[in-house]
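Novice: Sequence:
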Amino acid sequence: MTTLILARHGETDWNRDGRFQGHADPPLNDRGREQARALADAIAGERIAAVYASDLRRAHETAQIVAARRGLDVVVDPDLRERDVGEWSGLTIREIEDRFPDELRRFREKGASIGESREALSERVVAAVRRIAEAHPRGHVLVVTHGGALRALRHAAGGDLGAPVVRNGQVLKMAIRDSTFARLD
1 MTTLILARHG ETDWNRDGRF QGHADPPLND RGREQARALA DAIAGERIAA VYASDLRRAH
61 ETAQIVAARR GLDVVVDPDL RERDVGEWSG LTIREIEDRF PDELRRFREK GASIGESREA
121 LSERVVAAVR RIAEAHPRGH VLVVTHGGAL RALRHAAGGD LGAPVVRNGQ VLKMAIRDST
181 FARLD
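Residue 182 in this note's numbering is what sits at position 182 of the sequence shown, and the numbering runs on without skipping anything.
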């Protein structure tokens, strides 16, 4: 069994402003760096063998802050990226309502695709985390990723897709055994 400590990256200015980020690459802001340091404190008692992160700056920087305290390197995996939100990248929900009302309605009602589908995101992220678990059997691994990716992983462990998004700098704990996910928190 591999224990997964799954964390959402610290805050960016786009998070603060309510902008969809997707594959855009804004850096952490000061609050986001504080959240990363608080994350390092919160998991200080965990026996972490490896640290993985998305290649997007906000996740990678969060992971680096945590890993530096442990003398670990960060392994970058692009498959841990956030969902590609296409033309919505950089927009607020109000701007999307004004510019893409039909697409937003379909997205809210059916999870319709707005770049990358929920299914494609889930397949990509779940496969990446399974690979990570296979590389660290019986280990504890920190994975720093994104809100949509964490929602997909929570769903893989039997959670509700409609559950609230994990906040910036917050953690979910899961185990994976024989490719099956289970929540530990």
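To be clear, the hints were calculated from the coordinates, so they are not data collected in a lab. In this text, a Cβ means the ideal position worked out from N, Cα and C, and glycines have one as well. Honestly, I wouldn't trust all of these hints.
As the list claims (entries may be wrong) - List of simulated lysine to aspartate or glutamate pairs, DMTMM-like, C-alpha gap at most 25 Å:
no., residue 1, residue 2
1, Lys-173, Asp-98
2, Lys-173, Asp-185
3, Lys-173, Glu-119
4, Lys-110, Glu-123
5, Lys-173, Asp-55
6, Lys-110, Asp-160
7, Lys-173, Glu-97
8, Lys-173, Asp-77
9, Lys-173, Glu-134
10, Lys-173, Glu-123
11, Lys-110, Glu-97
12, Lys-173, Asp-160
13, Lys-173, Glu-61
14, Lys-110, Asp-98
15, Lys-110, Glu-134
16, Lys-110, Asp-73
17, Lys-110, Asp-84
18, Lys-173, Glu-87
19, Lys-173, Glu-34
20, Lys-173, Glu-46
To be verified - Quick list of simulated restraints, FRET-style, between CB atoms:
no., residue 1, residue 2, range
21, Met-1, Glu-95, 23 to 31 Å
22, Gly-139, Glu-109, 15 to 23 Å
23, Ala-44, Thr-92, 31 to 39 Å
Novice: Next step is simple, just say for each hint if it's right about the structure.
Specialist: To see whether the hints hold, each was checked on the structure:
1. Distance hint between Lys-173 and Asp-98 is unfulfilled; the C-alpha atoms sit about 38 Å from each other, more than 25 Å.
2. Of the supplied pair hints, the one linking Lys-173 and Asp-185 holds, its CA atoms being roughly 6 Å apart against a limit of 25 Å.
3. A C-alpha spacing of about 22 Å is found between Lys-173 and Glu-119, which places the hinted pair at or below 25 Å, so the restraint holds.
4. With a C-alpha separation of about 18 Å, the suggested pair Lys-110 and Glu-123 falls inside the 25 Å cut-off, and the hint holds.
5. Of the supplied pair hints, the one linking Lys-173 and Asp-55 holds, its CA atoms being roughly 21 Å apart against a limit of 25 Å.
6. With a CA separation close to 14 Å, the supplied pair Lys-110 and Asp-160 stays within the 25 Å bound.
7. Annotation: proposed proximity of Lys-173 to Glu-97 is violated, straight-line Cα distance about 35 Å (limit 25 Å).
8. Taking the CA atoms of Lys-173 and Asp-77, the gap is about 19 Å. The hint holds against a cut of 25 Å.
9. This hinted pair checks out: Lys-173 and Glu-134 have alpha carbons roughly 17 Å apart, not beyond 25 Å.
10. For the given pair, Lys-173 sits about 20 Å from Glu-123 by alpha-carbon distance, which is consistent with the 25 Å threshold.
11. This hinted pair checks out: Lys-110 and Glu-97 have alpha carbons roughly 16 Å apart, not beyond 25 Å.
12. Between Lys-173 and Asp-160 the CA atoms are separated by roughly 16 Å; this keeps the pair inside 25 Å, and the hint holds.
13. Among the hinted pairs, Lys-173 with Glu-61 is consistent with the structure: their alpha-carbon atoms are about 21 Å apart, no more than 25 Å.
14. The hinted pair formed by Lys-110 and Asp-98 meets the criterion: a straight-line CA distance of about 20 Å does not exceed 25 Å.
15. Taking the CA atoms of Lys-110 and Glu-134, the gap is about 33 Å. The hint is violated against a cut of 25 Å.
16. Taking the CA atoms of Lys-110 and Asp-73, the gap is about 40 Å. The hint is violated against a cut of 25 Å.
17. Proposed proximity of Lys-110 and Asp-84 is supported: the alpha carbons are some 17 Å apart, at most 25 Å.
18. For the hint linking Lys-173 to Glu-87, the alpha-carbon distance of about 32 Å lies beyond 25 Å, and the restraint is violated.
19. Taking the CA atoms of Lys-173 and Glu-34, the gap is near 21 Å; set against the 25 Å cutoff, the hint holds.
20. Restraint check for Lys-173 and Glu-46: the C-alpha separation of about 11 Å stays at or below 25 Å, so the hint holds.
21. Between Met-1 and Glu-95, the C-beta spacing of about 44 Å breaks the proposed range 23 to 31 Å.
22. In this structure, Gly-139 and Glu-109 break the distance hint of 15 to 23 Å, their C-beta atoms being roughly 41 Å apart.
23. A beta carbon spacing of about 36 Å between Ala-44 and Thr-92 agrees with the range 31 to 39 Å that was offered as a hint.
Violation of the numbered hints given earlier is confined to hints 1, 7, 15, 16, 18, 21, 22; the remaining hints are satisfied by the structure.
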